[in-house]
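Trainee: Take a look at the letters that make up each chain.
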Amino acid sequence: MESEILINFVFQSTFIMTEKDYLKDISDIKDIMNKSTRFLSLSGMSGILAGIYALIGAFIGHQLLSGYGGYGDGTNLMPLVILEVIILTVAFVIALLSVVTAFILTRKQARKNNEKIWTPVSKQLLLNFLIPMVTGGIFVLLLIYRGYYGLIAPATLIFYGLALVNASKYTFSWVKYLGVMEILLGLLAFVFLGNGLLFWALGFGVLHIVYGALMHFKKEE
Amino acid sequence: MKSIIENINKIFDHRVRLGIMSALMVNDYVDFNSLKELLGVTDGNLASHLKSLEKEKYIHIHKEFIGKKPNTKYSSTKLGTLEFKKHINALEQLIKGRL
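Chains as they are written, first to last, in numbering that gives the first Met the number 0: chain A, 0 to 220; chain B, 0 to 98.
Isolated chain B (complex conformation) (with noise of 0.2 Å):
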């Protein structure tokens, strides 16, 4: 029981932090916007999020331009990846155990 606890990641204990890390499981790459929209959640908010996320490693930022527009786009990193299925296994670990 000890170990799905250690696996339960505190980054990930958030519902921004999740959503973002959702997201980019499924998707080779997520703009800024789409995030935003898909989580419905301020500029600020997300951003602090996705330094965070950044600061620990699990994700990159890939800084492009659009025509003169700046778009910013995530990705998983591998770290970020294996964390996260870390997470949802000890979720669901903990639920079935639970049930």
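In isolation and in its complexed conformation, chain A is listed as follows (with noise of 0.2 Å):
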């Protein structure tokens, strides 16, 4: 068998390989199949900052509306609906800040990758994650517009995850799980109505600081 082999390849003598060059070829394919795929220059420490911001929020959301409960004997400073507004601007500034927190590290880390951030698989990350997050976005605006105020934390949660099962197609396959986990914890938050703030202080607070340390650590390797 072996010598077999060998004489086949002198007679196709332009491709005399060693069994090291056939898996290196392998692994070549596997490589390019993942990088042309996928896009990798997620920053895990983005994912804890979010994390951090997140927790910072819920706790401001909390305090906030603790002081409120404080004057719960009809002499409020202000109508509930102001504190409903002044805790969702809170929720967007977070988020915004998350995302540029977000941007800024993976551009960085696209660099040390030598990857480029803006290239047809991250278009398609991209789009991927925002047609689920815009559709929640529409849906939360709308739900504040009906007043349905103790569905945004829910809504918020399963749309969020949706976006990231969709999303992980095209980066890190643990992403889905990470997905999944903001849908469960959407579902029980309307389980468990009324406790809003401690559901997003779990999604987008310590899971985001549970994943991104793990991936952050697992990079380091």
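Hints are computed from structural coordinates only; laboratory data are not their basis.
All C-beta atoms, glycine included, are put in the ideal place defined by N, C-alpha and C.
It is possible that some hints are incorrect.
Facing chain B, according to a computed beta carbon distance under 7 Å, are these residues of chain A, among others [unchecked claim]: (1) Asp20; (2) Tyr21; (3) Ile25; (4) Ile31; (5) Leu39; (6) Leu48; (7) Ala109; (8) Gln123; (9) Asn165.
Label pairs and their in silico Cβ distance ranges [to be verified]: (10) Lys50/B to Lys111/A: 26 to 36 Å; (11) Arg14/B to Leu125/A: 27 to 37 Å; (12) Glu55/B to Leu186/A: 49 to 59 Å; (13) Lys68/B to Ile51/A: 41 to 51 Å; (14) Lys56/B to Arg145/A: 54 to 64 Å; (15) Leu78/B to Val205/A: 48 to 58 Å; (16) Ile60/B to Arg110/A: 27 to 37 Å; (17) Lys68/B to Leu197/A: 44 to 54 Å; (18) Leu192/A to Asp27/B: 42 to 52 Å.
Put the two chains together into one complex; each comes in its own frame, and the hints tell you how they fit.
Mentor: Dropping the structure here:
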């Protein structure tokens, strides 16, 4: 067998290769298939920071709400609607801050990896992320418009989770698991209605820190 | 054993051509510049390997314009996909057979 292969190699003399070359070929194929379909410069640190922002935001929200509770005798300083608007504004600022941080750190990571940030793959990643996210954003605006404030936390978590699952085809596959966890938390937030802030802290705070840290240290190895 | 060797495709026995086909296997289309970055090769080098794959009818060339800039995209033909799969299977069997 061994000699037959060798003889064949000599006959087809243009491709005398060693086993190692074949192994290298296979690993090259896998590498290129991966790189050409997945954007792998997402930064774990941006997940950790987003999580910390979210926890700070949840803390501010909690303080505002408990402060409000102190005036629960009908002499409240401001109407409930105003308080809701303030909390939503805090949430929006936190979300914006997280996006900016993610963008800056991802660009840095991409430079380090010698990967361009704006590629056909990263465009697909963004598009697939944004379709559920924008849908969710509009949905939440409609919830606010209709006055269903209690459904905001479940809806944001569920749509964010769906966006992650949808985008995970174009980046690290574990992003899918983070997405599934967010969806589950969103559904739980719906079951235990009235604990929106707690579920926000868990979903956008704790989960981001855990997954961000896992990813950050995995890369270090 | 002989059939395995026959399935090793000489055309794919080059880093750049192997890379082009790998990228085209998992994408509907890949444009010239993306291939260039992915494989880290020069324009001329990439163009000549693309030409040889086209000559074998393993890839399709799609020329289009984005605004005024020409944009050339490539996709794998049915024949190219079939031949590449045979090639990969042969590589895998060779490795398995010799380990």
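Trainee: To test your reading of the hints: which numbers does this structure violate?
Mentor: 1, 5, 6, 7, 8, 9
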